[in-house]
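Using the sequences and the accompanying hints, generate a full structural model.
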Amino acid sequence: MRWMVVAILVATVGCDRKEGPSPLVPPIAAKPKPQPPPPAAPRTNSPPPSAQPGAKKLQPPKPLGPNANPVPEGEPSRITVHHVLIAFKGAHRAPPTVNRTQDEAKTLALEILERAKNGEDIAALAKEYSSDPGGGLYTLVNTGVAKEKPSDIPRANFIKPFVDVAFKLKVGEVGLVDYDPAKDARGNPLSPFGWHVIKRLE
Numbered sequence: 134m135r136w137m138v139v140a141i142l143v144a145t146v147g148c149d150r151k152e153g154p155s156p157l158v159p160p161i162a163a164k165p166k167p168q169p170p171p172p173a174a175p176r177t178n179s180p181p182p183s184a185q186p187g188a189k190k191l192q193p194p195k196p197l198g199p200n201a202n203p204v205p206e207g208e209p210s211r212i213t214v215h216h217v218l219i220a221f222k223g224a225h226r227a228p229p230t231v232n233r234t235q236d237e238a239k240t241l242a243l244e245i246l247e248r249a250k251n252g253e254d255i256a257a258l259a260k261e262y263s264s265d266p267g268g269g270l271y272t273l274v275n276t277g278v279a280k281e282k283p284s285d286i287p288r289a290n291f292i293k294p295f296v297d298v299a300f301k302l303k304v305g306e307v308g309l310v311d312y313d314p315a316k317d318a319r320g321n322p323l324s325p326f327g328w329h330v331i332k333r334l335e
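If you want this note's numbering, it's the 1-based position in the sequence shown plus 133.
Everything labelled a hint here was simulated from the structure, so no lab data went into it.
Keep in mind that this is a model prediction, so the values were computed, not measured.
One or more hints might be untrue.
As the list claims (entries may be wrong) - Derived DSSO-like pairs (lysine-lysine); straight-line CA-CA distance at most 30 Å:
#1 Lys280 x Lys293
#2 Lys222 x Lys316
#3 Lys282 x Lys222
#4 Lys250 x Lys222
#5 Lys260 x Lys239
#6 Lys293 x Lys250
#7 Lys260 x Lys280
#8 Lys280 x Lys316
#9 Lys222 x Lys239
#10 Lys222 x Lys260
#11 Lys282 x Lys239
What the hints assert, rightly or not - Estimated spans, in silico, between C-beta atoms of each pair:
#12 Ala256 x Lys282: 17 to 23 Å
#13 Lys260 x Arg226: 18 to 24 Å
#14 Glu247 x Lys282: 18 to 24 Å
#15 Ala256 x Arg226: 17 to 23 Å
#16 Lys303 x Ala257: 17 to 23 Å
#17 Pro205 x Ser284: 36 to 42 Å
#18 Asn251 x Thr213: 19 to 25 Å
#19 Pro283 x Glu244: 33 to 39 Å
#20 Glu247 x Gly320: 33 to 39 Å
#21 Glu247 x Leu334: 16 to 22 Å
#22 Ala318 x Glu253: 35 to 41 Å
#23 Thr276 x Pro325: 20 to 26 Å
Yeah, the Cβ is synthetic: ideal placement off N, Cα and C, and Gly gets one too.
Laid out in structure tokens, this is it:
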């Protein structure tokens, strides 16, 4: 009987060694082989575009000289004018003694313009009607022109409408600058003082 029991045990062990089902954990995948990096682009010793033959070289800006702002074409380099300022109550820097209205000032300015054109002495008209504290007799030098006398006044020191009219006048001619409270691009009033009757003397 013993040999039969042993035979049965041996047969049972042999049956246990049969292959079972696949494992639940999958096998680790094999790592892919690293790819070699792409070959680097060949280096050249070519000069930059600005240094290539035929390339334009950048020129430094030209320094501004004394004639950077030349005299406007057709205008004199210097003029002497006498003008009458007709102010009105409420105008910029109007003296407290001025009581005429804006409309009255305009009417008076047109009247003085005609009288000056008809030959009346501009200095006498200025003495009687002008509100200019400087007297009204000025020598102005145009843009880019050097002063010859200490009393010369650069064009830029006057309001633009005044000098635009004054430098267009011929000797003996009379012009008018209207009152204009509007402001330029810098915020400065264009012609805030009143009406200017201007006569060019030289």
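- request: Please name the hints from earlier in the document that this structure breaks, with their numbers sorted from lowest to highest.
  value: 3, 11, 14 and 17
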